[in-house]
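Keeping the supplied structure of chain A fixed, place chain B upon it in accordance with the hints.
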Amino acid sequence: MSKPIPVALGCEPVVGSLTSLRKRDYKVTNRLQEGKRPLYAVVFNFIDSRYFNVFATVGGNRVTVYQCLEGGVIAVLQSYVDEDKDESFYTVSWACNIDGAPYVVAGGFNGIIRVIDAGSEKIHKSFVGHGDSINEIRTQPLKPSLVVSASKDESVRLWNVHTGICILIFAGAGGHRNEVLSVDFHPSDIYRIASCGMDNTVKIWSMKEFWTYVEKSFTWTDLPSKFPTKYVQFPVFIASVHTNYVDCNRWLGDFILSKSVDNEIVLWEPKVKEQTPGEGVADILQKYPVPECDIWFIKFSCDFHYNAAAIGNREGKIFVWELQSSPPVLVARLSHAQSKSPIRQTAMSYDGSIILSCCEDGTIWRWDVVTNSTT
Amino acid sequence: MVSKAADSAIKLRKSHGQPANDAVGTLSSKIDQLEKQIQAERIVSIKEKLLRNGKKVQCHVSEVVSAISKRDSLHRQEDRISQMLSSRIGHPLFKFNAFSQGSSDKDLINSLDVIFTTSIKMPYVERLPPYTSWIFLDRNQRMAEDQSVVGRRRIYYDQHGSEALICSDSEEELTEPEEDKHEFTDTEDRILWMAFEQYGLTEEVLDTVSESVGGTRQEIQDRYKSLKEKNMGRQDQQSEGSGDYESQIGISLEESLSTALDSFDNLFCRRCMMFDCRLHGCSQPLIYPSEKQPVWLEHEEDRKPCSDQCFLKLKAEKTSSDPRCSHGNKTTTTEEGVLTFAPSCAAEPENHSSATTLVEERCNSMSTTPFPTEVAVCGGLNLNVPVTESLGKRKTIDQSDDDLTLLIDDSQSSCKKQKKITDTDVVTAINENTSNKSILSGSTSHDEHGNVGDGTKDGMAEAEFNEPSNFMNEHVEGMQSLSEWKPLEKELYLKGIEMFGRNSCLITRNLLSGLKTCMEVATYMHAGGASMPYRSNVPPSSLRNDSGKTDAECTDQEMPTRARLIRKRGKTRKFKYSWKSAGHPSIWKRIADGKNQSCKQYTPCGCQSMCGKQCPCLHNGTCCEKYCGCSKSCKNRFRGCHCAKSQCRSRQCPCFAAGRECDPDVCRNCWVSCGDGSLGEPPKRGDGQCGNMRLLLRQQQRILLAKSDVAGWGAFLKNPVNKNDYLGEYTGELISHREADKRGKIYDRANSSFLFDLNDQFVLDAYRKGDKLKFANHSSNPNCYAKVMLVAGDHRVGIFAKEHIEASEELFYDYRYGPDQAPAWARKPESSKRDESAAPQGRAKKHQSH
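Protein sequences, first through last, are from chains A and B.
The first sequence begins at 1 in the UniProt record's numbering and counts up one residue at a time.
The second sequence begins at 1 in the UniProt record's numbering and counts up one residue at a time.
Don't read these hints as lab results, they were simulated from the structure.
It cannot be assumed that every hint is accurate.
To be verified - Here are the simulated EDC-like pairs of lysine to aspartate or glutamate, each with C-alpha atoms no more than 16 angstroms apart in a straight line: (1) B:Lys121 / A:Glu83; (2) B:Lys55 / A:Asp254; (3) B:Lys787 / B:Asp725; (4) A:Lys143 / B:Asp72; (5) A:Lys143 / B:Glu63.
Extracted from the complex, chain A is given alone in its bound form (with noise of 0.2 angstroms):
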């Protein structure tokens, strides 16, 4: 593992230890096989308590939502397939509309966000205006109705589900400089949001000077069409933490945890410094260590509360870390003898007792915590 840039004295991040004790033993309970396409996205609905178990994955032109029964057994509640027989979706994520009507908004290669009602099991919108592939897409956790994509466009953009409305448009003169690959919406911060991609930054946004259209999109009766989208061209801080593709991010707290193709996951302090905008320093506190992580579209999960993250890697391995221990505890490594092939995603359970993969074979693999192990 190389570091371009050397630390200076007093500012050296803390390093997980891979050998370090195992708290928890998962085991496999379940393996299906979804097709022969890569499966890119698996996710638990974390907005509505009574679907905490439930949870939808893409890959191909399909998304499936499955729920998490007892001993290991899954059960497959809806399957949707695109008629374009060419999309192949990169994202899944769980939203609502005001009423708190289930909604499983995915994207991919087509650029088309299509927003599923599942609690009627139609199409509920599909939002074209993205010029490239979507690669990520999330839901504000206080506002479930507010979404965000990051696109091979180059702009990130703030989607209202419930009206069908682009907001805002996170791209130009400060935006970022090639795909975005990752985005994520502050936990208590409602006007942020961060986004990394492949010009290997991580860009942090904030919409407070925007927030009276973000309302606005809430009463709007108009034709979306003809919603006043703004720009938001200039983040409020460059983070420089990775010299590679940057493909996932996430909160913790008011830091930030980031991956690029260097086989670890970063933990880091954004300082922002408010006279001058876009400039800031990242303190880098934290590193967890991936092996064999060294490809990029490998995305890690956290439970809900952010006890813990599990990400693959590309031999099929997962890794689960204790995110907020200092040092990072390394918490399990869960690996199978038929678990080969690259995990794109990983998805942990309300309380981490699940923890579920998709793989780029097609598999779906379910971990479940062994409750009667001695430890």
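Chain B only, in chain A's frame:
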């Protein structure tokens, strides 16, 4: 975790193994100790940070939990009739249990195929043609420095092979990054401080520190010094408190004019008449016209006292006793001025159309009270031209008072007259205020002064201002004391002389309002203010020389300012590469006439009077323009056209022939009117109007963006147009050719290029910034053509109709690709050979290599 720093410290100790000097030995161990301590502190601080952050996370999570439960209660009350998802939970499509088949081996898991019998179809939605997010530009911008791709690493992946590639193409990337100055961190400071405080500043200590901390000995020494000063300074600050506060805010009267105008000179673009011009940038070199605009003159008999404190009142008292001391003599000067001025203006109109001075004067008018007002009125009054006279006469006004070729308009001048009166009133009011207040308590009078001067003195102690206000009182009473003129006021006065001649009313009103009264200015003028000898019977020409001289002084003073303005260059990190160039020509659009004659970028020259061999314009092969410093009679100047009725739309017009738009400031008959004709002015658009100012006036067509009939996006026309009609401007970022080479290679990979050759220095790039015309496609049989036009000194790309085009037709023009430059879709399709020379890079891959 053992860090490198600790390692090096150990090595360091070993290298110093022989205890040549005990003190140094203990020092290195002490440094070692300190380093360890610092690392330990770091670990602790990270722990604390995470702990604090963990609490925040908990907080966030609980917020989300409460939001969820709120929603839950919301739909608990509702009917769940249409809740298919809930009902599916009761009746799933399938259930998969890996162990139901009774596999005994715990480690062997059966793979269960999910079979979709009942899939819900998502109806087909056509995808958009791909595009990269772009922002609209209505005028070209120069590239911001941080947008450069030169020397920046860019990683590609090949969509088909799914392999990541590095494009590293040029030799200059191999250049070593410039030797960085060592930047000291807080911890290094600590080590440094500890070492020198405890062991003294000796050679050995210096060596030891430099080895453990890094940086040269000199740097360390300097750092120590500055640390020492900082520590001292901190103590001093605490004892003294905030000292020199006033000077930091607003404009101090003690400053020179150039200092006061520093930010103005830096940020105001004199070519575009706006602040923060994105095209010409800030900190442009200041060009001062060698020709001064003649001061405008007024019959003194016509003048009314400008205020209570007007010198005319003073004069009325004094005329009988001592005419020489008063301004009486000025009347003759003024009259002479008018007499000599008028004929010369008629004989040699060009001489006076000093468009160059216009720039400066407008600037000045920006900083003070509305100057154009005065000029407009002057044109009407002094030259005695009836407002509704013929066109030809009107032009004379245009050229003699040169300002406002655009603005001068009968209706306007009349309305300006009104405005002038109100302005005067206002100023009078202010002046009265000042004089009245000066008799009042000190603090109020200074408040007035403060408001005009810098307006930031609110919360200051009253006592502080007693002195200056007394000062002002003295001024009103004993006006002879010249010493009280602050440097800034003196310079403003000189500028005023330059602009208005020896007219104290105007100088006071426009430049010194609130600072000095008219009477004070007059007295100052009398006493030979600022070494200007009082001349009663000199011809006006020498008066002009005089002002020329003062200008020379000003320029001298400005010189150091200019030197100061050199911008700090942002540091860009450079990477080293060893891969060879991708080596295929990039796709650039070229000028439609295809002659490949590259236009030369114009940069105003600062030549005084005539341009000689040293003139950069002459050297560069461009004409001198109105923004140059040289005189209008400069032989290198482009003199515009004199076309009468041709509308300047053919090559008979010298402007048109030279690929330039006509310039109302330069051409004789090209003008713009903005009235509606109700006041007798010529109509806005008429037969006689110049047709070669369409980019300047933005007389463009409505362009529509839609899916092309040929490839990707296309630009379409809303309304029908005729041959040679102007459709719009192709805008974009101005980038250097070097940058364009780099970007071209990047864009070629995406197979879409929006580069457009502009001139010898710049290429237009509309990739991320531009307008809809960037989507017009290439055709070898186009209906449009692109033409680079010189508009007010800038090259701009106009798109024109090559033939009659119907409404909603798609627009095409010939990109004029160089040989072998056409993109794949413009040539015959062929296999993608282009990645051959680029070396694969093994780091970032979306997929595993086999």
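The hints, checked one at a time:
Distance restraint check for Lys121 of chain B and Glu83 of chain A: the Cα-Cα separation of roughly 6 angstroms lies within the 16 angstroms cut-off, and the hinted pair is therefore satisfied. Among the hinted pairs, Lys55 of chain B with Asp254 of chain A is consistent with the structure: their alpha-carbon atoms are about 11 angstroms apart, no more than 16 angstroms. Between Lys787 of chain B and Asp725 of chain B, the direct Cα distance comes to roughly 12 angstroms. Compliance with the 16 angstroms bound is thereby established for this hinted pair. Restraint check for Lys143 of chain A and Asp72 of chain B: satisfied, since their Cα atoms lie roughly 14 angstroms apart, inside the 16 angstroms limit.
At most 16 angstroms may separate the alpha-carbon atoms for a hinted pair to count; Lys143 of chain A and Glu63 of chain B meet this at roughly 11 angstroms.
Consistency with the previously given hints is maintained throughout, with no hint failing.
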